[in-house]
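Undergrad: Please work from the sequences and hints to get the whole structure.
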Amino acid sequence: MEQTKNKYVGQAIIKKDAKALLSGKPAYTDDFVPENALVVKLMRSPHAYAKIKKIDTSKAMLVPGVEIVVTYKDVPKKRFTLAGQTFPEPSPYDRLILDEYVRFVGDPVAIVAGKNEACCQKAMKLIKVEYEVLEPILDFKQSLDNTILIHQEDSFVGHDGQGTDQMRNLCASSEEIEGDVEGVLAQCDYLVEESYHIKAVSQAMMEPFTAYTYMDVYGRMVVQSATQIPFHVRRIVSHALDVPKSKIRVIKPRIGGGFGAKQTAVCEVYPAIVTYLTTKPAHLTFTREECFTNGSPRHEMEVKIRLGADKNGKFKAVDLYTLSNTGAYGEHGPTTVGLTGTKSLSMYYGLEAHRFAYDVVYTNRLSSGAYRGYGATQGIFALESAVNELAHKMKIDPIKLREMNMVHEGDKFTHYYGESATSCALDKCVERVKEMIEWDKKYPCYEVAPNKVRAVGMAMAMQGSGISGVDVGSVALKLNDDGFYTLMVGCSDMGTGCDTILAQMAADCLGCDMENIVVFGVDTDQSPYDSGSYASSTTYVTGMAVVKCCEMMMKKIQKAASGILELPMEELAFDGERVFAISDETKGITLPDLVTKLQAGTGEILYAQSSHTSPVSPPPFMAGAAEVEVDLETGKVTPIDYVACVDCGTVINANLARVQTEGGLVQGIGMSLFEDILYTDKGYLMTNNFMQYKIPTRIDMGKVRVDFVETYEKSGPFGAKSIGEVVINTPAPAIADAVYNATGLRFRSMPITAEKVFMALQEK
Amino acid sequence: MKITVTLNGKRIEAEITPDMMLLDFVRSQGMKSVKRGCDTGNCGLCTLWLDDKPVLSCSTLAARANGKKVTTLEGVQEEAKEFSDFLAGEGADQCGFCSPGFIMAVLALKKENPNPTAEEMKEYLAGNLCRCTGYQSQYRALCKYFGIQEV
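Protein sequences, first through last, are from chains A and B. Read left to right, the first sequence gives residues 1 to 764 (my numbering). Read left to right, the second sequence gives residues 1 to 151 (my numbering).
Simulated from the structure, these hints should not be mistaken for lab results. Model, not experiment: these values are computed from the prediction. Take these hints with a grain of salt, some might be off.
[As the list claims (entries may be wrong)] Label-pair restraints from in silico Cβ distances: (1) B:SER59 - A:ALA118: 11 to 21 Å; (2) A:ASP593 - B:ALA118: 49 to 59 Å; (3) A:ASP74 - B:PRO18: 41 to 51 Å; (4) B:PRO18 - A:GLY219: 40 to 50 Å; (5) A:ASP593 - B:SER59: 52 to 62 Å; (6) B:GLU82 - A:PHE87: 28 to 38 Å; (7) B:GLU112 - A:GLU117: 32 to 42 Å; (8) A:GLY350 - B:LYS81: 50 to 60 Å.
[Unchecked claim] Taking lysine-lysine and the DSSO-like style, the derived pairs with C-alpha atoms no more than 27 Å apart in a straight line are: (9) B:LYS122 - A:LYS703; (10) B:LYS69 - A:LYS556; (11) B:LYS144 - A:LYS16; (12) A:LYS694 - B:LYS81; (13) B:LYS53 - A:LYS19; (14) A:LYS19 - B:LYS110; (15) A:LYS115 - B:LYS32; (16) B:LYS110 - A:LYS703; (17) B:LYS69 - A:LYS452; (18) A:LYS441 - A:LYS694; (19) B:LYS144 - A:LYS19; (20) A:LYS115 - B:LYS144; (21) A:LYS556 - A:LYS5; (22) B:LYS32 - A:LYS19; (23) B:LYS68 - A:LYS25; (24) B:LYS111 - A:LYS19; (25) A:LYS19 - B:LYS81; (26) A:LYS51 - A:LYS77; (27) A:LYS247 - A:LYS115; (28) A:LYS703 - B:LYS144; (29) B:LYS2 - A:LYS122; (30) B:LYS2 - A:LYS19; (31) B:LYS69 - A:LYS25; (32) A:LYS16 - B:LYS81; (33) B:LYS10 - A:LYS19; (34) A:LYS25 - B:LYS111; (35) B:LYS53 - A:LYS25; (36) A:LYS25 - B:LYS81; (37) A:LYS16 - B:LYS32.
[Stated by the list, open to error] Some, not all, of what chain A presents toward chain B, calculated at C-beta under 7 Å: (38) SER23; (39) VAL181; (40) GLY183.
Glycine included, C-beta positions come from ideal geometry on N, C-alpha and C.
TA: Spelled out as structure tokens, the structure:
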């Protein structure tokens, strides 16, 4: 694809669904629930670890309105995973819909379904459970080779190549070494050796987890769900119920945000088993509390780093080890952790040696999953903090240190599947951010009042664009009456605007108005297969499927016209509206006339389908810089200004790329300063609502400013890479360094709350 | 118990249970724009007007609406259009789940204080959470709507 002027790509096009969403039209899962659907509620474990010795549901069943109470005795005994990933799944099969063992506070004990919530609540109180309470593992540093085993069941299935060992509480493990790490580190003039901790922060999308299920006229189960992964949900529900996939259909309406949370089938299997057992429609929406206590948050990780440099600041070697806490179940456990190394080390070029190793352990905490950034956030917090610490140790400007070491276009990445930086403007992003924040004027800090100091800090970030060789994006195009197209997609627009972005691309490829592109998705019975919307894949992978599919469609249009015009295809051209003879433009046929003729039986109805998998995953890059104000009397850290510059290749939609960036940055600011995960010593999650778990409001986040440096990624549609995830990675290390520059205090765990700063200032 | 409510200009009588929340009541009457985002009155998604004043319908008993006027986004489509267009123009709708409650709060602010300062505007709307946008695009739309100079 060459760079030509586009009518839609690159513009700030309004989202196709904006009008419906902004006028409050029914659009989401809960807006369509059948009136007769059974209300489904989950009775949850009060213990972090216990065996159900006895469970008596007889009294609960007597409550008027209660339809069914399901316990572990009633569910299939074949284990599965809820992680939405391409088959064969890397995450271990360690789940049952309900299990004899409960492995964290909130793990479901029974499913109750009835005609309304009140009867379900009453029934749950009448279920008598006798537990054998077991000693839990709550500290993930104590888990590996502990005598307590989280998964001792024989039916546990670990998958090859992940390093899974249930008898060691090990969900996954690996080690990769290049060069003589110890030898090179020993010769370094400077060494930073520290460990960094990120907690299991929550996506907190505004729409809770929700799904409803019913049987259709063919006796198949329909699952309507707020999901990023409709095709994976089909497989997961089929595994959970132990029924063929042909018996299941998954429909995704509009989704009220996902950020990775809905890349795990968190709630679908519960209404599904109710419908399976009763044949009645069933509906489950998690309360906000359940979203916190039984969701699928970021993996808590401790990243240990040894970073060595020579006397000039040139990085020589890095040793990076990650301990990841997958919680009670292994969803995304084996895969998130890999990004802590691949997406951090690869920002730096010319290392003589490096080691990247990890262990992912089970604990009796809530099960973790996918959250925007997917391990890269944790790894980048650690490595970027270490780089900042090295700069301070060497007394040089952290930007200068990065300029000496960062990856440039054309360089082979340090640790990135053997790939090279085919498009990379990381250097320009850093330069731009330096200007935007007025770094040279403000670094490291300045006083604004006797006890108030403002300071700046910065960090870089990268991510991927889809999973190379794994993610599949497919689209189909139908040419309809009057010459409008239906673009059928299998990826999930979760508010990101991918339906619009893909339509922009299609309209530019086909040379038509965007009005002429109708987007349809997602229904697993009708949409072409797509891995789903995760791993920053949609624009890059599915976008390329759109480009390919449009080329096929245009050829088909020309071929059909050639039959009707009785002219050879090579002598025809198509301008989006009309097919005509190149030698004599008056000889031709308009698209609507062509379709009319085809629909009158003079040819074949036109339909094209294409899929795309990329052998590479070209990273988007960015730099971010924070200015914060620290109150030295109270310890409060106030974000003043956050600036960011992103290289996402070609910007497909100027508005949506900007909003993605701003949104990701503010989630990152939330993780850095406010969002805390606190448990009681018995493993009960205390931060389980928006009063305790404080996400940023519009008065907390300061100013956020975003700019772009465009590159052209040849392997991407119109030169595009991804944007969705990279944007969350810079705030934590940038803010931590700004706080250091203001106070001299180094925080290696998030969030940096006023209490922590205050206490540390007292000790100083 | 029976209540009489003027819902979006239409007088209706309905049988409710005493513990029914206004949020569930208006949704049962087909007003699906009103969303539930939390259990603790923190998110603002369920904002609607009770006698023209914004309230959180998740923590207001439906019984309290007896004899009163209840207005949801469905009832103010014309009035909402100008601001909604600004939001759409900024790409600030994103997932859209928080939009109806947010728009109801913005229109209420416009009635109460047609020319707020940027600070007053942010304070008034601080109870309306959004996780997608980081608020910046909403801020740009608000500035256009209220005629405030962006800073």
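Undergrad: Taking the hints in turn, state whether each one holds.
TA: These are the hints, each one checked on the structure:
1. B:SER59 - A:ALA118: 11 to 21 Å: holds, 18 Å
2. A:ASP593 - B:ALA118: 49 to 59 Å: holds, 55 Å
3. A:ASP74 - B:PRO18: 41 to 51 Å: For ASP74 (chain A) and PRO18 (chain B) the Cβ distance comes to about 35 Å; the hint is violated.
4. B:PRO18 - A:GLY219: 40 to 50 Å: holds, 41 Å
5. A:ASP593 - B:SER59: 52 to 62 Å: For ASP593 (chain A) and SER59 (chain B) the Cβ distance comes to about 60 Å; the hint holds.
6. B:GLU82 - A:PHE87: 28 to 38 Å: violated, 49 Å
7. B:GLU112 - A:GLU117: 32 to 42 Å: Given range 32 to 42 Å: holds, Cβ gap about 35 Å.
8. A:GLY350 - B:LYS81: 50 to 60 Å: Roughly 57 Å apart at Cβ, these two residues keep to the hinted range, so it holds.
9. B:LYS122 - A:LYS703: Given that 27 Å is the threshold and the Cα spacing comes to 12 Å, the pair holds.
10. B:LYS69 - A:LYS556: Roughly 58 Å separates the two Cα atoms, so the pair is violated.
11. B:LYS144 - A:LYS16: With Cα atoms ~22 Å apart, LYS144 (chain B) and LYS16 (chain A) stay inside 27 Å; holds.
12. A:LYS694 - B:LYS81: violated, 31 Å
13. B:LYS53 - A:LYS19: Holds. LYS53 (chain B) to LYS19 (chain A) sits at ~25 Å (cutoff 27 Å).
14. A:LYS19 - B:LYS110: holds, 21 Å
15. A:LYS115 - B:LYS32: Answer holds: LYS115 (chain A) to LYS32 (chain B) is near 21 Å, not above 27 Å.
16. B:LYS110 - A:LYS703: holds, 23 Å
17. B:LYS69 - A:LYS452: The hint is violated at about 49 Å.
18. A:LYS441 - A:LYS694: violated, 33 Å
19. B:LYS144 - A:LYS19: holds, 18 Å
20. A:LYS115 - B:LYS144: Not OK: LYS115 (chain A) and LYS144 (chain B) at ~47 Å, beyond 27 Å, violated.
21. A:LYS556 - A:LYS5: Given that 27 Å is the threshold and the Cα spacing comes to 24 Å, the pair holds.
22. B:LYS32 - A:LYS19: holds, 15 Å
23. B:LYS68 - A:LYS25: holds, 24 Å
24. B:LYS111 - A:LYS19: Distance of about 23 Å is within 27 Å: holds.
25. A:LYS19 - B:LYS81: Holds. LYS19 (chain A) to LYS81 (chain B) sits at ~9 Å (cutoff 27 Å).
26. A:LYS51 - A:LYS77: holds, 16 Å
27. A:LYS247 - A:LYS115: holds, 26 Å
28. A:LYS703 - B:LYS144: Since the Cα atoms of LYS703 (chain A) and LYS144 (chain B) sit roughly 17 Å apart, the hinted pair holds (cutoff 27 Å).
29. B:LYS2 - A:LYS122: holds, 25 Å
30. B:LYS2 - A:LYS19: Distance of about 36 Å is beyond 27 Å: violated.
31. B:LYS69 - A:LYS25: holds, 21 Å
32. A:LYS16 - B:LYS81: Since the Cα atoms of LYS16 (chain A) and LYS81 (chain B) sit roughly 16 Å apart, the hinted pair holds (cutoff 27 Å).
33. B:LYS10 - A:LYS19: Answer holds: LYS10 (chain B) to LYS19 (chain A) is near 24 Å, not above 27 Å.
34. A:LYS25 - B:LYS111: holds, 24 Å
35. B:LYS53 - A:LYS25: holds, 22 Å
36. A:LYS25 - B:LYS81: This hinted pair holds, its Cα atoms lying about 14 Å apart.
37. A:LYS16 - B:LYS32: Distance ~20 Å between LYS16 (chain A) and LYS32 (chain B) Cα, so the pair holds.
38. SER23: Holds: closest Cβ of chain B sits about 6 Å from SER23 (chain A), inside 7 Å.
39. VAL181: violated, 39 Å
40. GLY183: violated, 45 Å
In terms of the numbered hints stated before, the structure departs from hints 3, 6, 10, 12, 17, 18, 20, 30, 39, 40, listed from lowest to highest.
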